[in-house]
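Keeping their order, the protein sequence lines are chains A and B. Read in order, the letters of the first sequence correspond to residues 681 to 1063 in this note's numbering. Read in order, the letters of the second sequence correspond to residues 681 to 1063 in this note's numbering.
The set of hints was computed from the structure by calculation and includes no laboratory data. Heads up, some of the hints might be wrong.
As the list claims (entries may be wrong) - Cross-link-like lysine-lysine pairs, in silico, DSS-like; alpha carbons within 25 Å at most: (1) B:Lys1046 <-> B:Lys1060; (2) B:Lys971 <-> A:Lys966; (3) B:Lys1012 <-> B:Lys860; (4) B:Lys1060 <-> A:Lys910; (5) A:Lys990 <-> A:Lys942; (6) B:Lys860 <-> B:Lys815; (7) A:Lys910 <-> B:Lys910; (8) B:Lys1046 <-> B:Lys762; (9) A:Lys882 <-> A:Lys841; (10) B:Lys812 <-> B:Lys1008; (11) B:Lys1050 <-> B:Lys1008; (12) A:Lys790 <-> A:Lys683; (13) A:Lys942 <-> B:Lys790; (14) B:Lys860 <-> B:Lys841; (15) B:Lys683 <-> A:Lys966; (16) B:Lys707 <-> A:Lys966; (17) A:Lys762 <-> A:Lys841; (18) B:Lys757 <-> B:Lys1060; (19) B:Lys757 <-> B:Lys790; (20) A:Lys815 <-> A:Lys792; (21) A:Lys971 <-> B:Lys1050; (22) B:Lys966 <-> A:Lys912; (23) B:Lys682 <-> B:Lys864; (24) A:Lys966 <-> B:Lys1046; (25) B:Lys966 <-> B:Lys1008; (26) A:Lys942 <-> B:Lys860; (27) B:Lys942 <-> B:Lys1008; (28) A:Lys1025 <-> A:Lys971; (29) A:Lys841 <-> B:Lys790; (30) B:Lys841 <-> A:Lys682; (31) B:Lys1061 <-> A:Lys841; (32) A:Lys757 <-> A:Lys1046; (33) B:Lys860 <-> B:Lys682; (34) A:Lys860 <-> A:Lys1012; (35) A:Lys860 <-> A:Lys971; (36) B:Lys841 <-> A:Lys707; (37) A:Lys1008 <-> A:Lys966; (38) B:Lys790 <-> A:Lys971; (39) B:Lys682 <-> A:Lys841.
Number of protein chains: 2
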Amino acid sequence: MKKIAILGSTGNVGTQVLEVVDQYPDKLDVFALSASSNIELLEEQIRKYKPSFVGVFDEGKAAELEKRVDIPVFSGKDASLKIAALEEYDTLVNSLVSLSGIDATLEAIKNKKNIALANKESLVTAGEIIMKEVKKNNINLMPIDSEHSALFQCLNGEDRKNIHQLIITCSGGALRDVSKKDMKNVTVKDALGHKTWSMGSKITIDSATLMNKGFEVIEAMWLYDVPVEKIKVVIHPESIIHSMVEYSDGSIIAQLSDPDMKLPIQYALSYPERWDAPISRFDFSKNLTFKEPDLERFPCLGYALEAAQKMGTLPAVMNATNDFMVGKFLNKECEFLDIQNVIRKVMDEHEIMENPKLDDITKVIKESTKRAEEILSHMKKGK
Amino acid sequence: MKKIAILGSTGNVGTQVLEVVDQYPDKLDVFALSASSNIELLEEQIRKYKPSFVGVFDEGKAAELEKRVDIPVFSGKDASLKIAALEEYDTLVNSLVSLSGIDATLEAIKNKKNIALANKESLVTAGEIIMKEVKKNNINLMPIDSEHSALFQCLNGEDRKNIHQLIITCSGGALRDVSKKDMKNVTVKDALGHKTWSMGSKITIDSATLMNKGFEVIEAMWLYDVPVEKIKVVIHPESIIHSMVEYSDGSIIAQLSDPDMKLPIQYALSYPERWDAPISRFDFSKNLTFKEPDLERFPCLGYALEAAQKMGTLPAVMNATNDFMVGKFLNKECEFLDIQNVIRKVMDEHEIMENPKLDDITKVIKESTKRAEEILSHMKKGK
């Protein structure tokens, strides 16, 4: 029986993690849950899964929940951190959105817990720091997204020194077929429109700009210790091949399935075992197609590759600015192209610091967010 | 330095094995070579690779060669067997055509040599006997054809108890787009016509009838200890995905590359290492398509699946009859549809013997060949 603590259990990934638990009640035991503010769903989850601890980010909601349940409720911005620091669990499933997950990930690693990581911003922003702790504490960091799970599976049983390149596939996102000219008119609805995958709003916008794919490149660099020059992004609209590894002899190993997040979630929890399929099986009636990504229409992917090349604090700056701008776009407080334009400006202005500590990263995140806000407000005045 | 003995060194696969040796003179050393009768090419190979022993099946040619070279020349039908029994080599590369390779394969296994096996008829005919010896002598049997090499690579690092099914891909062969009605007019030229792969004539005809794919199913059963119910054949005309393994959780691992026999040859010789690519790399400009095989137009695949189900002596009978009939077809002594019709008849007449010994197999091979000859001559008279 594996005891798991799920951060972000009421979100899109968190609820799918619990669906996997439903399939394997004899293999997975829910030890702790946390949510940002949705205490209605969290309460349901508490009654169903009977965790020993819960956490709620929103303090008011936490107080409310405490009256209704008879287990300890951690409250406020340290709630996730407190869960991560608990003793009696095996694996932390981190499905928090954006940057809120870094502290908890690091805490759990130092606590010698295995990590199932859906939060890609952690590695993008603080990859060096996290991977150093992973090695030091000798824990397993399993990726939960389909691409990195695919890469992990394609690397099974292989010697990593034989990697020629990692090939990360990309559905192309909601704006795959939008012309460069029409990009300036993209609405929130357009950008959220096309969903091959069931995902949250933030990541769906990141998929539309291809920033998400850039994050995945950086994440792959850290997870598999491969330089950006050895990572290729290929557009594959059918989302059947989830990623591939090409070896030195020209042999490519690929991982395929119908697109369903439950597969990488289950694999992250079952590894090194494989458990029976919770998903529909690929029927081979689809054709698989590929093309090169268009960096003219999707410059964010290029920015991420640049950040991956230069590293230091630049990925954190890019990610923080993207975080802020996607929030603004989802709130209809800016236009679609503002996302890429502000990211470009903030990245250009930033003086990269090498080998940053967590404090340095926290500092540049704050500065970048502030700078993005200033640039955006200046741009708006100019219009 | 790996010392290799190559049976069938002047044939299509044998010459490609030597091309791999040319790439890695510091890793591969040619210890022995054998050929059927092409002593001109064999003599060239002797001068270039300086083996310690050679063998020639044709006794007259062997005597001729002996005058021209100053190394021992084994002669006659036991030439390959004598090479297999030598002490001072590591790996036997068996690229003999058809049934001539079984004895030598068994001899080398008992001699505790690793095997790189291009000769698929060995496993089809005597899989049970061969695999028993492989286990007993604890040697590596590496497949040289692209499909089984792909399966091997897709099984790397995985627990075989998690196999849901093996998915063997198939280009469809030269007659992929020929209608059922037009099958009766297929000429030798038609059937040899389409070559995605550079292969010998016998295997190209087997690819046209899809018998080759049936052989591969049976071979995969023995190599990976999987029942026929867990093996699926998928038509994939582009020949980029060379085969796949689907696991219990719905995850499919596939192996891809441009079609080039040198990759599986090199892998069989380099394993567990991978050496740099001798082949062109897949550029992702091709679409990958799939469809179900048509057993109406290609009944030989169905016969092979039936033989795989019933086992015992039936695969040997099917293979021997196919061997004989393909020879006749290539010599223009029968029509294309005669191949499948005679195989069907000989299989129908055969009384299956369970757990055959090698002697039993040798006996049914002779009987089936004789019976095929009788049926064919009777059919011809009837016309």
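A quick look at each hint next to the structure:
no.: 1; hint: B:Lys1046 <-> B:Lys1060; result: 21 Å, holds
no.: 2; hint: B:Lys971 <-> A:Lys966; result: 9 Å, holds
no.: 3; hint: B:Lys1012 <-> B:Lys860; result: 21 Å, holds
no.: 4; hint: B:Lys1060 <-> A:Lys910; result: 62 Å, violated
no.: 5; hint: A:Lys990 <-> A:Lys942; result: 34 Å, violated
no.: 6; hint: B:Lys860 <-> B:Lys815; result: 44 Å, violated
no.: 7; hint: A:Lys910 <-> B:Lys910; result: 36 Å, violated
no.: 8; hint: B:Lys1046 <-> B:Lys762; result: 23 Å, holds
no.: 9; hint: A:Lys882 <-> A:Lys841; result: 35 Å, violated
no.: 10; hint: B:Lys812 <-> B:Lys1008; result: 34 Å, violated
no.: 11; hint: B:Lys1050 <-> B:Lys1008; result: 13 Å, holds
no.: 12; hint: A:Lys790 <-> A:Lys683; result: 17 Å, holds
no.: 13; hint: A:Lys942 <-> B:Lys790; result: 47 Å, violated
no.: 14; hint: B:Lys860 <-> B:Lys841; result: 40 Å, violated
no.: 15; hint: B:Lys683 <-> A:Lys966; result: 45 Å, violated
no.: 16; hint: B:Lys707 <-> A:Lys966; result: 42 Å, violated
no.: 17; hint: A:Lys762 <-> A:Lys841; result: 38 Å, violated
no.: 18; hint: B:Lys757 <-> B:Lys1060; result: 32 Å, violated
no.: 19; hint: B:Lys757 <-> B:Lys790; result: 19 Å, holds
no.: 20; hint: A:Lys815 <-> A:Lys792; result: 11 Å, holds
no.: 21; hint: A:Lys971 <-> B:Lys1050; result: 55 Å, violated
no.: 22; hint: B:Lys966 <-> A:Lys912; result: 17 Å, holds
no.: 23; hint: B:Lys682 <-> B:Lys864; result: 48 Å, violated
no.: 24; hint: A:Lys966 <-> B:Lys1046; result: 46 Å, violated
no.: 25; hint: B:Lys966 <-> B:Lys1008; result: 38 Å, violated
no.: 26; hint: A:Lys942 <-> B:Lys860; result: 43 Å, violated
no.: 27; hint: B:Lys942 <-> B:Lys1008; result: 30 Å, violated
no.: 28; hint: A:Lys1025 <-> A:Lys971; result: 29 Å, violated
no.: 29; hint: A:Lys841 <-> B:Lys790; result: 35 Å, violated
no.: 30; hint: B:Lys841 <-> A:Lys682; result: 21 Å, holds
no.: 31; hint: B:Lys1061 <-> A:Lys841; result: 64 Å, violated
no.: 32; hint: A:Lys757 <-> A:Lys1046; result: 16 Å, holds
no.: 33; hint: B:Lys860 <-> B:Lys682; result: 49 Å, violated
no.: 34; hint: A:Lys860 <-> A:Lys1012; result: 21 Å, holds
no.: 35; hint: A:Lys860 <-> A:Lys971; result: 17 Å, holds
no.: 36; hint: B:Lys841 <-> A:Lys707; result: 18 Å, holds
no.: 37; hint: A:Lys1008 <-> A:Lys966; result: 37 Å, violated
no.: 38; hint: B:Lys790 <-> A:Lys971; result: 50 Å, violated
no.: 39; hint: B:Lys682 <-> A:Lys841; result: 21 Å, holds
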